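So you can see what is in the structure, the chains are spelled out below.
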Amino acid sequence: MIQDEPLLRFCSEGIYCVPGRFYIDPWRPVAKALIMHGHADHAREGMQHYLCHHFTVPILKARIGADIQVQGIAYNEPTYLNGVKVSFHPAGHIIGSAQIRLEYGGKVAVVSGDYKVQDDGLSTPFEPVRCHEFVTESTFGLPIYKWLPVESYQQQMRQWITENQARGKTSVFIGYSLGKAQRILKALEGMGDIYVHYSIARLNEAYVSAGIPLPEYRNLDLREDVKKVAGKIVIVPPALADSNALKRIPDFATAICSGWMQVRGARRWRSADAGFAVSDHADWPGLLQAIKATEADKVYVTHGHTQTFAKYLNETGIYAEAIKTEFGAEEEIEETVKAEKE
Amino acid sequence: MKAFAKLVNDLDSSNKTSLKTEAIQRFLRDADDKDKLWLLALFTGKRPKRHVGSGLMKQWAMEIAGIPEWLFIESYSSVGDLGETIALILPPPQQQTEKPLYAWMQDIIALADATEAEKRYFVLHAWNNLNTTERFIFNKLLGGSFRVGLSSKGLINALAKHYALDETAVAHSIMGEWRLDDVEFEPLIHGHYSNTFLSKPYPFCLAYALETPVERLAPLSEWQAEYKWDGIRGQLVKRAGEVFIWSRGEELVTSQFPEVVATAQQWDEDFVIDGEILPIKEGAVLNFSELQKRLNRKLLTRKILTDTPVGMYAYDLLEWKGEDIRLRPLQERRALLEMIVESYSPASIQLSPVVSAADPESLLQLRETARERNSEGLMLKHRRSIYHTGRKKGDWWKWKIDPLTIDAVLIYAQKGSGRRSAYYSDYTFAVRDGDMLVTIAKAYSGLTDKEIQEVSRFVNKNAIEKFGPVRTVKPELVFEIAFEGIGYSSRHKSGVALRFPRIARWRKDKTVQDIDDLETVKKLIT
Numbered sequence: 001m002i003q004d005e006p007l008l009r010f011c012s013e014g015i016y017c018v019p020g021r022f023y024i025d026p027w028r029p030v031a032k033a034l035i036m037h038g039h040a041d042h043a044r045e046g047m048q049h050y051l052c053h054h055f056t057v058p059i060l061k062a063r064i065g066a067d068i069q070v071q072g073i074a075y076n077e078p079t080y081l082n083g084v085k086v087s088f089h090p091a092g093h094i095i096g097s098a099q100i101r102l103e104y105g106g107k108v109a110v111v112s113g114d115y116k117v118q119d120d121g122l123s124t125p126f127e128p129v130r131c132h133e134f135v136t137e138s139t140f141g142l143p144i145y146k147w148l149p150v151e152s153y154q155q156q157m158r159q160w161i162t163e164n165q166a167r168g169k170t171s172v173f174i175g176y177s178l179g180k181a182q183r184i185l186k187a188l189e190g191m192g193d194i195y196v197h198y199s200i201a202r203l204n205e206a207y208v209s210a211g212i213p214l215p216e217y218r219n220l221d222l223r224e225d226v227k228k229v230a231g232k233i234v235i236v237p238p239a240l241a242d243s244n245a246l247k248r249i250p251d252f253a254t255a256i257c258s259g260w261m262q263v264r265g266a267r268r269w270r271s272a273d274a275g276f277a278v279s280d281h282a283d284w285p286g287l288l289q290a291i292k293a294t295e296a297d298k299v300y301v302t303h304g305h306t307q308t309f310a311k312y313l314n315e316t317g318i319y320a321e322a323i324k325t326e327f328g329a330e331e332e333i334e335e336t337v338k339a340e341k342e
Numbered sequence: 343m344k345a346f347a348k349l350v351n352d353l354d355s356s357n358k359t360s361l362k363t364e365a366i367q368r369f370l371r372d373a374d375d376k377d378k379l380w381l382l383a384l385f386t387g388k389r390p391k392r393h394v395g396s397g398l399m400k401q402w403a404m405e406i407a408g409i410p411e412w413l414f415i416e417s418y419s420s421v422g423d424l425g426e427t428i429a430l431i432l433p434p435p436q437q438q439t440e441k442p443l444y445a446w447m448q449d450i451i452a453l454a455d456a457t458e459a460e461k462r463y464f465v466l467h468a469w470n471n472l473n474t475t476e477r478f479i480f481n482k483l484l485g486g487s488f489r490v491g492l493s494s495k496g497l498i499n500a501l502a503k504h505y506a507l508d509e510t511a512v513a514h515s516i517m518g519e520w521r522l523d524d525v526e527f528e529p530l531i532h533g534h535y536s537n538t539f540l541s542k543p544y545p546f547c548l549a550y551a552l553e554t555p556v557e558r559l560a561p562l563s564e565w566q567a568e569y570k571w572d573g574i575r576g577q578l579v580k581r582a583g584e585v586f587i588w589s590r591g592e593e594l595v596t597s598q599f600p601e602v603v604a605t606a607q608q609w610d611e612d613f614v615i616d617g618e619i620l621p622i623k624e625g626a627v628l629n630f631s632e633l634q635k636r637l638n639r640k641l642l643t644r645k646i647l648t649d650t651p652v653g654m655y656a657y658d659l660l661e662w663k664g665e666d667i668r669l670r671p672l673q674e675r676r677a678l679l680e681m682i683v684e685s686y687s688p689a690s691i692q693l694s695p696v697v698s699a700a701d702p703e704s705l706l707q708l709r710e711t712a713r714e715r716n717s718e719g720l721m722l723k724h725r726r727s728i729y730h731t732g733r734k735k736g737d738w739w740k741w742k743i744d745p746l747t748i749d750a751v752l753i754y755a756q757k758g759s760g761r762r763s764a765y766y767s768d769y770t771f772a773v774r775d776g777d778m779l780v781t782i783a784k785a786y787s788g789l790t791d792k793e794i795q796e797v798s799r800f801v802n803k804n805a806i807e808k809f810g811p812v813r814t815v816k817p818e819l820v821f822e823i824a825f826e827g828i829g830y831s832s833r834h835k836s837g838v839a840l841r842f843p844r845i846a847r848w849r850k851d852k853t854v855q856d857i858d859d860l861e862t863v864k865k866l867i868t
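For the record, the sequence lines run as chains A and B. What the first sequence shows, in our numbering, is residues 1 to 342, in sequence order. What the second sequence shows, in our numbering, is residues 343 to 868, in sequence order.
It cannot be assumed that every hint is accurate.
Here are some, though not all, of the chain A residues that point toward chain B, as calculated from beta-carbon distances under 10 Å [to be verified]:
| # | residue |
| --- | --- |
| 1 | Pro143 |
| 2 | Leu148 |
| 3 | Trp160 |
| 4 | Ala255 |
| 5 | Gln262 |
| 6 | Arg264 |
| 7 | Gly265 |
| 8 | Ala266 |
| 9 | Arg268 |
| 10 | Arg270 |
| 11 | Ala272 |
| 12 | Asp273 |
| 13 | His305 |
| 14 | Thr308 |
| 15 | Lys311 |
| 16 | Glu315 |
Worth flagging that the hints you see were computed from the coordinates, not collected in a lab. Quick caveat: nothing in here was measured; it's all calculated off a predicted structure. Where a beta carbon is used, it is the ideal one built from N, C-alpha and C, also for glycine.
Next up, chain A with everything else stripped away, as it sits in the complex (with noise of 0.2 Å):
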């Protein structure tokens, strides 16, 4: 065994496992990909064989095709590769998120792709995962993101539809149709009738065959009579927010859940009604917490606020490096504003 050779090398097809010979959510086309979350800048089509967490595999077939070559795999379950122990970990992210941990010649490694700490109640809570080098995500790396506990954000968003309700107006809500939707689906629970755009109704289902009980909803088409929507609660995803599709709705509000909506100056950009800080991805202190966990010597930051990020953990005694992924390009713009390919 070769001491000196990386565990991990950062190539332009993605992070490459360099013992084991595969990559971990590469953007080019390899032979082997192991997937962390089913997000399409996480997995992406043309590998030749996909290993993913079992909840991924119905998402990754959806997206990419149902005759992709993919393997499922449970949490915490090891399997060899090349003679490196690989094994998958709860990210906390969305259904089927997993940090990847390899293992060999004594050195181990996690890679944890997007995650939080906060639990949603709906995907595996996170499960921090000791490691000698860490691969972290900074998309909400600064102080200013601090999120509120999930029932105050949840009461939030409940008010809002009481508000709505009281003027008659239809609550609209714009979230990610994977995770987010199913997050603002679950707050809403109760509070009236809820309509969810078709596109997220296939992606419940990836829920609901794991055995995640989703509240009741219905389905929505906007080609067809929008009129029953009146004065319900209506979920869509981002590509909708700004439609003409949208706008057939009879008198509506609209709220994007989104963590950029932490900053008021975002809330006013968006034409949005209102905005709620609801993110999938972890905070400023939950990033911290995270890391201090994994006891890790060395951290590499892939995404999001890299630079800034890697300075606070070099200034803190953590060993850190900005690594150039491309990893969520679009959400270190906007997160909401990535039309998704349907």
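For chain A, the structure is supplied; the task is to place chain B on it using the hints.
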């Protein structure tokens, strides 16, 4: 504070006037009269003096949050507002205290005589008792720079609606100089103090841009045409021998224009004149850049006064011998104005000349040559129009000359503030000067939200350095910059200054090879 925080939040979270009005009415219904008075005070620019410097607030916030200064600055550049940055980086409050707005304001005013330790105790205690929104508001109140998403017109309309009053009357009652300690809310909005304030200006009558072909303004003889001057719109008030000059931003600028004040003092009667303050030398109006040398100076030296004399071009007469004549037709007001101004020897108050044209064609020609007179175009006012409150469609039109344009390349980008703090929306553009690029203008507006997002993505990918708020980017994106005028300037590296630059459109069809060079740009100066 809860009611006020709710108001600020409601105003922020809607673009719809009806909802904003509803939010204000809710506040008027629920809040204490003293809080309502403070709302008016804050909206009309009557803020208490600042007693706690922003440097100290930042220092304390960094200490409590335990973050280094560079990280605070990075955070600030993402948020775009100091008070909000502080509100966000602090740890969650340990308690909740409810105190009305006026009580907070009393405490803030009382800081005038406090020691630094006392100030620190007060501020830290407040931070630890308020939620994020309330903290943000508290910081803004403390800093004396409070702004919310509401125009003064919006506030006036809501007040008028709630108390079933005339909008003009409300506007008149709350504008101008009143002191918080001297008034009470109800009497104030009902105009009970109006007569005691000599300086009180009227709301300016504003014009919309002409939307239809000028031929539609028939018969043309019904319309009064004047040049549209590019100076400082001002209201010259003389009552009981005292002279005041108000700017359109409702600021008193009397002391900046002693020439005009001196003339006004020599006139016998009381009056209120609407006019334009302009740099005028030897009977000709100078470029606006000349006037800029005069503005916001602490001291007007004899040299400045000789080099750049100013005068007022009078447009309209609003009050004469104490009588409000705004509801009389324009032709009557104008006749009176002409009689007054002409009865005094030529001085620093002159008539804004009326131009006459027999037909639309000659009017168009007059407009085309307006720039030669350092004018921006023409104003068309219906001869029977009253002097409206604020912006009103139909009676007054501004008919500006098409703007000048150049093609320039984006070289620096900065995140906006307020609503635009998540995006790179403030740009600096350059033109060619030999082999170099030289900055020519900064522009903040003109792109759609979608285009700003697209430019932001480009900036993120093509930024040359990453720390701090300003990004230097690869000179690649070309924009057509429109502006109203151009003059020489020693303040800018390029040696020229553009008046009202904004982005006319994104020239995706052009490359950096196609941008204008400085010599061509200088030829536009008349």
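Going through the hints against the structure:
For Pro143(A), the interface hint holds, the least distance from its beta-carbon to any beta-carbon of chain B being 5 Å, beneath 10 Å. At about 9 Å, the closest approach between the beta carbon of Leu148(A) and any beta carbon in chain B falls short of 10 Å, and the interface hint on this residue holds. Hint on Trp160(A) holds. Least Cβ distance to chain B is approximately 9 Å, under the 10 Å limit. Hint status for Ala255(A) relative to chain B: holds, with the closest Cβ pair at about 9 Å, below 10 Å.
The restraint placing Gln262(A) at the interface with chain B holds, with a minimum CB-CB distance near 7 Å, inside the 10 Å limit. A least Cβ separation of about 6 Å between Arg264(A) and chain B falls short of the 10 Å threshold, and the interface hint therefore holds. Restraint check, Gly265(A) versus chain B: the minimum CB separation of about 3 Å is within 10 Å; hint holds. For Ala266(A), the suggested interface contact is upheld, since its CB lies about 4 Å from the closest CB of chain B, less than 10 Å.
Taking 10 Å as the C-beta contact cut-off toward chain B, the hint placing Arg268(A) at the interface holds, the least distance being around 4 Å. Checking Arg270(A) against chain B: minimum C-beta separation of about 8 Å stays under 10 Å; hint holds. Because the beta carbon of Ala272(A) sits about 8 Å from the nearest beta carbon in chain B, less than 10 Å, this interface hint is met. Annotation: Asp273(A) was flagged as interfacial toward chain B, and the flag holds, the nearest CB pair being 5 Å apart, inside 10 Å.
With its C-beta approaching chain B no nearer than about 8 Å, His305(A) sits inside the 10 Å limit, and its interface hint holds. At its closest, the beta carbon of Thr308(A) sits 5 Å from a beta carbon of chain B; the interface hint therefore holds under the 10 Å criterion. A cut of 10 Å between beta carbons decides the hint on Lys311(A): the least distance to chain B is about 8 Å, and the hint holds. For the restraint placing Glu315(A) at the interface with chain B, the shortest Cβ-Cβ distance is roughly 7 Å, inside the 10 Å limit, so the hint holds.
The structure fails none of the hints (numbered hints given earlier).
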